[in-house]
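All chains should be modelled from the sequences, with the hints used to inform the complete structure.
With my numbering applied, the first sequence corresponds to residues 662 to 1479, in that order.
Every clue listed holds true.
Derived lysine-lysine pairs resembling DSS-like cross-links, with alpha carbons at most 27 angstroms apart:
1. K1346 - K1286
2. K1298 - K1428
3. K717 - K677
4. K1298 - K1346
5. K745 - K677
6. K1150 - K1075
7. K1428 - K1458
8. K1298 - K1286
9. K717 - K756
10. K1250 - K1286
11. K1286 - K1296
12. K1346 - K1296
13. K1250 - K1346
14. K745 - K756
15. K745 - K717
16. K756 - K1150
17. K1296 - K1428
18. K1428 - K1450
These aren't lab readings, by the way, just hints derived from the structure by calculation.
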Amino acid sequence: MPLLAMSTLPIEQHLKPIQTALSEHNRLILVAQPGAGKTTRVPLTLLNSQWAQGQKILLLEPRRVAARLAASFMAAQLNEPIGKTVGYRMRGDSKVSSDTRLEVLTQGVLTRMLQDDPLLEGVAGIIFDEFHERSIEADLGLALSLDIQQSVRDDLRLVVMSATLDVAALTNVLGRDTCVIESTGREFPIDTYHRPLGGDETLDAAAYRVVTEALANVDSRDVLVILPGVAEITRLVQMLENSAFDVEVRALHGGMSIEAQQAALRLHETRQRVIVATAIAESSVTVDGVNVVIDAGLERVPLFQPQTGLTRLTTRRVNRASADQRRGRAGRQQPGTCYRLWSQEQPMVAYGEPEIAQADLSRLALEVARWGARSPEELVWMTPPPNGAWQSSQALLRQLGILDTVGLLTPLGKQSARWPLEPRLAVMLSKAASLNAVPLACALAALLEGRERVSGSLRDALAQRLGQSRRFPQWQRETQRLMDMASLKLPDKLPLEPLSCLLAIAYPDRVGQFISPGRFKLANGKTATLSASHLLANEAFIVAVSVESASSEAAIYLAEPIMQTALIDLYPETQQWEERVTWSDAQGKLLGEAVQRHGELVLARRPLAELSREAVQQALLSALKQRPAALFNGKVKQLRGRMALVASLYSDVWPDWSESALLDSLDVWLAPYMTGITRFSQLEKMPFHSYLMATLSWDEQSHFERLTPPSIMAPSGNQASVDYEPCLTGRPPVLALKLQEAFGWQDTPTVADGHMPVVIHLLSPAKRPLQVTQDLRSFWVNGYPEVRKEMRGRYPKHPWPEDPMTAQATASTKRHKV
DNA sequence: CTCTCCCT
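Now the structure itself:
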């Protein structure tokens, strides 16, 4: 990288304002484009501030390479070796001394420093560089830093630096009076051309077409092609190598070893390079010599699915900030060209979703609990963790034994938090000691956490590494680091035996039980498949380690077989034989069995000869809850309607007889009558309404009967029953009777001590409804003459008197009277 | 049959 003279850096003019701002405020947002010099100039300037005297400043970088580079550049500025005034600190590597006042950290180190010393003593300020990348770790670091600044360290300076940033959103979090300083960038001009895919053109073909166009341009130096994934990269590399172009074709993606990546980045002495890369080239590595970028405009990202706890890869369009960042790669050293494989009209969102909005949050949930917060609301977030993913992560942590029911860390959780691993693997290491398998657990964690792709058998992959560790330097370094933390040395020979047990500790929710060849039911209830020819396709139990959620069923990429007995030993809760009595519709009776359960899986079962009274009762009650229609029969509906009416008129002491309340209290009001009941057919014939009445005292019962009489005597002398079911929906009760029976009633009859007139359904002799009224007097006067005229002809044998209010009521025809 | 990055 050509070093620009200090005075020419665009950031230079802002240094004084930055210093002034931070002498008065404790929060600052600095927006500066790449090449502005902010990463190296700002920290060194702040080091001389009054407020920083005798204290440290921390500079956060998203990547190790960036952290080392920034530290060495600044140390060189001071003519000092790294580790004197300027040092760095990252996983497994640090160069700091007692003289160090500026520490360049990778983000995870800050989290750990904060957790270990929540006062952050001796630190005057924290600078978050490249904050626009919005990693979970950076978001968490900022949330925790804001928390201590607000509670105990109002002297702590926080600076958020970024190339492109949603300033409005960040200002919302940091507060209105946060200083915002913007600096322009320093970039060579870049010509942008849009080259969308043709009608039925594939991405491969379009990429090849545009590479051809770029290579034909005499101004082109090395060409960087950015594609969404390894598959696309492999295909394009193949096409270019088979072509007539005299170019050096190189693939570049994160699945490659560091050594292979460095080889791909090396300039070629004579040949023009075409580097075909994933989004790794967007920000993680700098590709020198490039002045042409061809951007497919796509990215492949993992989306966490809270319902299944699995992550799914999806390909989608990049946002404008990413696209501009990619284009910028063409203009770092000279004027350049960018070809975009989409049309200029295609809409783009300004910013991408931050990682916290779409990733697995289990490590975040662990850190928040370790901080002592029981919910994310106790902290301030730029983007709060989404509720679904949060709940799902908390459920996993509880299942792993890390989190207690209140939401704080258990002793196992505290122990596990110290391992720099995802929670599953951290718990595995914490528990490995009891299996006498810490070295194996370290080797396994290094393998699973690492970025080397393991395919085929996990056991073979591990055996291979243990046998020839020198061939796998990254894995070996990681394993050794974990072993150092455990104060152990990796032995020469290591038995692989408790391998599947270790996996079952880390992935309890992904234990799978055989359904049919290649298909397994997972403990989380989801069905997952192995390819049918897979070696493990016929195992009774497996632990699925790597699972990708697909649209229908999940796909298992990596699994190990496990013995059923091992599962029962591992999960203490399964050792309880759980009595389970279920109602079988097919057999028409209760079936009893004792089961050993793990999640949704039944590991073992045996039939129960005798069913306990309690179990039978519970089974019947739960069967009743499944079929509530059997409970809420006509009589119960009437009773509930009467109670609904009474409760609406007299709010005082009447009980809640809603369906949900009654179902929830079956144990109280129904169970006492169930002695000797063993079948559903007996249960559904029980007089539920009597039991409900019996829950009322004698006084209440007689009051209730008086307020809501089941029937009212009509003038004819007949008892007409009152239908209280409408009261369940807030309507008045209904009294249905033949019109002739109502003769002599001057006014509408009432219930509830005269407070509630009933709705009268007056019926024809054929019991067809003639009139519905709640005002009988008005009907006799206004409606009846018309009805009489019409009905007299049709029912001549029935009486149709002219004055119904005084006429003799009757239930029968004229003949009897005559 | 799969993105990327990071951790006393």
